[in-house]
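A.B. asks: All chains, full assembly: derive it from the sequences and hints.
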Amino acid sequence: MNMFKIAWRNLWRNPRRTGITLTAMVLSTVVLIVTYALMRGMIIDMEHSVTDITIGQAQIHHIDYRKERSLYDIIDNPNRIIAYAQDNGIGVSPRSFGYGLLSSGTKSAGVQFWGITPEMERTVSKLNENLFKGDFLLDEPGMHVVLGRKLARTLNAGPGSELIAVVQAADGSLGNEIVYVKGILKGIGETLDRSMAIIHRKDFESLFVLYEGYHEMAFNSWGSMTPEEVASAIETVSAGNEVKTWRSLMPGVSDMLNTFDGATIIFLAIFFLAAALGVLNTLLMATYERIPEFGLLKAIGTSPLRIIRDIAAEALVLGVFSSLIGGVIGIALAVYFHHNPIDLSAFAEGFNTAGIVMNAQWRAVLTIKGVAYPVMVMWVVSVLAALYPAFKAARLDPVRALTHV
Amino acid sequence: MRREISIFFVMIFFMLLPSAPALSEDAKISSEAILNHVDDLFRGNSSYATMTMKVVTRHYTREITLEGWTRGKDYSLIRVLSPLKEKGTATLKAGNNIWNYLPKVKRVIKIPSSMMGGSWMGSHFTNDDLIKESRMADDYEHSITFDGTREGVEMIDLELIPKPEAAVVWGKVVVSVRKKDLVPVKIDYYGERLDLERTMVFIDIREMGGRLLPSVLRINPADKPQEYTQIIYKEIAFDIELADSFFSLRTLQSGTTP
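Quick mapping for you: the protein sequence lines, in order, are chains A and B.
Each residue of the first sequence is one higher than the one before, counting from 125 in the numbering used here.
Each residue of the second sequence is one higher than the one before, counting from 114 in the numbering used here.
These aren't lab readings, by the way, just hints derived from the structure by calculation.
Please note that a few of the clues may not be correct.
Calculated from the model, a selection of chain A residues having no Cβ within reach of chain B, i.e. all distances over 10 Å [unchecked claim]:
hint, residue
1, 211
2, 264
3, 352
No farther apart than 25 Å at their CA atoms in a straight line, the calculated lysine-lysine pairs in the DSS-like style are these [said to hold, decoys possible]:
hint, chain 1, residue 1, chain 2, residue 2
4, A, 516, A, 129
5, B, 245, A, 326
6, A, 274, B, 245
7, A, 231, B, 245
8, A, 129, A, 250
9, B, 337, A, 191
10, B, 217, A, 231
11, A, 326, B, 219
12, B, 200, B, 347
13, A, 250, A, 326
14, B, 299, B, 198
15, A, 326, B, 217
16, B, 223, B, 245
17, B, 198, B, 217
18, A, 310, A, 250
19, A, 231, B, 219
20, B, 245, B, 285
21, B, 186, B, 285
22, A, 231, B, 347
Here chain B is said to cover these stretches of chain A; the calculated rule only asks that three of the stretch's residues, wherever they fall, bring their Cβ under 8 Å from a Cβ of chain B [what the hints assert, rightly or not]:
hint, segment
23, 225 to 232
24, 298 to 307
25, 314 to 326
Quick caveat: nothing in here was measured; it's all calculated off a predicted structure.
We put the CB at the ideal spot given by N, CA and C, even for glycine.
C.D. replies: Below, the structure written as structure tokens:
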């Protein structure tokens, strides 16, 4: 204990030098923590932008559905699966799909109808928040439709427009209804933008004459479980159906995210290295400057080990102290950027790459790792940086050390 | 020199020309005549027919009665008579366009080209089948591949390969007709890769509307042997009086008859 007290006192015998070193270390810690949190935030945001808009973390389908997309391949035992998911706190949204035609006077387009139950859809996706114009479906059926953005443009339709839906119904008849546009979605990916027409489950039933059965169920635990955990939980009650995580449903996007994740780690490593070298340099200079001082200590009979120990102790105290300050400031900034995301909308109104819609708000996400790594790096660097000149000083002839410039 | 050669070839060409068709003239003319006969069987300057269409698929079986008018190859109008739920649903074809009238919503919609491959009224016919105006004798290279007795009936088979520039979807078509009256019995449709895609069979040949016709027409998709669409003609009349204005969107919507 005494050793650290002496180290603390020693540090403040030259406040200016210590101040400079301290500032360098604090700044590096802050920058590292904030960078780490922003990078994490970007990756998490990308994953969420994939899972939370429509896909969810995992999905199930009838074993043949994804191959043929037939109206008749419906999920086995749907109610049991829904009940199981809800009991386990996993959001679940059953969906039905059917292909057909939407027409408005002279314009018409082939569409994929999504029959959803709005209050259940909200537990899985943020579709209801992703509106470009108008409102989302109401909880009650009313022959309303929400359109993909490009589809709305093709049909020249806006909220309030009246469209005619014509489909091949499950009994072979020509299902047809007048539907009213309730809202238009923001861009959420090329295919969906062009083809998606969301209607209430009950309206879907009467349009397609398909009163029971779902083609897809999407699950989302909103981060409390990993996609793999969600999938394996659902698997236990889904015999006969196909269970997939979003990663295996969208392997391309998943690979892209993995690559991006890898690139981030390299980027962070370079950042850490640069910060470490900066601190190393400052500390080295500070210690070199004190070599005559160590010579004096040696001349009055201090053992080399004691010198090394004292210098290491000083460096450690400095490291801990600066990482404490840096940690507090870094955490505060990261928390600030978490609640006040960096606004990129000046550059672009949401990015859309390969089906990933990037939020224009860049949010930081603080993790334990994101604080622990920078702090540990500071401690290690500070001690290492001090030890080398300390060894050198300890081995020096006192006379030469005294005159060392 | 070059000119001489080309003139030489032209001369040879003209020498060969008269003899070439002469060799196969009988076969050529008769295969063309057969195809024209098959193509025109249900056509006339104009026609009126009532029919029942039965569709059997793995998932549903439905039966609807229809009445339809045609004029030349460009115009037709088909209207659903029953079941009640779909009564009044109508399809108008004019040239390359198809409109559907939907009585439930009281609207006419035009079928976009992207939906032409879709099923017509839940049957195994596509919208495309309705509008195609191909004449087999014009769009295909045709040859007789069988001329003899099969199952006690004298039959002729023709193999049709699409001409390179023809806008047809099939890779090959095989038409079988009875030799004595050229009434079709079966048509096999092959895809681009020459695998059988669907078969049309003609059953119950008898006199209707003053012509000898198969009164039942059944289409079978090759990949779903248990499924079929069958049309039974109940009544057919040819060369009836139809005004030009009959094949209009107004007729389609109002449900009037001529």
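A.B. asks: All hints, please: hold or fail.
C.D. replies: Now the hints, each set against the structure:
{"no.": "1", "hint": "211", "in the structure": "holds (33 Å)"}
{"no.": "2", "hint": "264", "in the structure": "holds (21 Å)"}
{"no.": "3", "hint": "352", "in the structure": "holds (35 Å)"}
{"no.": "4", "hint": "A:516 <-> A:129", "in the structure": "holds (24 Å)"}
{"no.": "5", "hint": "B:245 <-> A:326", "in the structure": "violated (38 Å)"}
{"no.": "6", "hint": "A:274 <-> B:245", "in the structure": "violated (31 Å)"}
{"no.": "7", "hint": "A:231 <-> B:245", "in the structure": "holds (23 Å)"}
{"no.": "8", "hint": "A:129 <-> A:250", "in the structure": "violated (56 Å)"}
{"no.": "9", "hint": "B:337 <-> A:191", "in the structure": "holds (17 Å)"}
{"no.": "10", "hint": "B:217 <-> A:231", "in the structure": "holds (20 Å)"}
{"no.": "11", "hint": "A:326 <-> B:219", "in the structure": "holds (22 Å)"}
{"no.": "12", "hint": "B:200 <-> B:347", "in the structure": "holds (18 Å)"}
{"no.": "13", "hint": "A:250 <-> A:326", "in the structure": "holds (21 Å)"}
{"no.": "14", "hint": "B:299 <-> B:198", "in the structure": "violated (34 Å)"}
{"no.": "15", "hint": "A:326 <-> B:217", "in the structure": "holds (18 Å)"}
{"no.": "16", "hint": "B:223 <-> B:245", "in the structure": "holds (16 Å)"}
{"no.": "17", "hint": "B:198 <-> B:217", "in the structure": "holds (9 Å)"}
{"no.": "18", "hint": "A:310 <-> A:250", "in the structure": "holds (11 Å)"}
{"no.": "19", "hint": "A:231 <-> B:219", "in the structure": "holds (17 Å)"}
{"no.": "20", "hint": "B:245 <-> B:285", "in the structure": "holds (16 Å)"}
{"no.": "21", "hint": "B:186 <-> B:285", "in the structure": "holds (23 Å)"}
{"no.": "22", "hint": "A:231 <-> B:347", "in the structure": "violated (37 Å)"}
{"no.": "23", "hint": "225 to 232", "in the structure": "holds (count 4)"}
{"no.": "24", "hint": "298 to 307", "in the structure": "holds (count 4)"}
{"no.": "25", "hint": "314 to 326", "in the structure": "violated (count 0)"}
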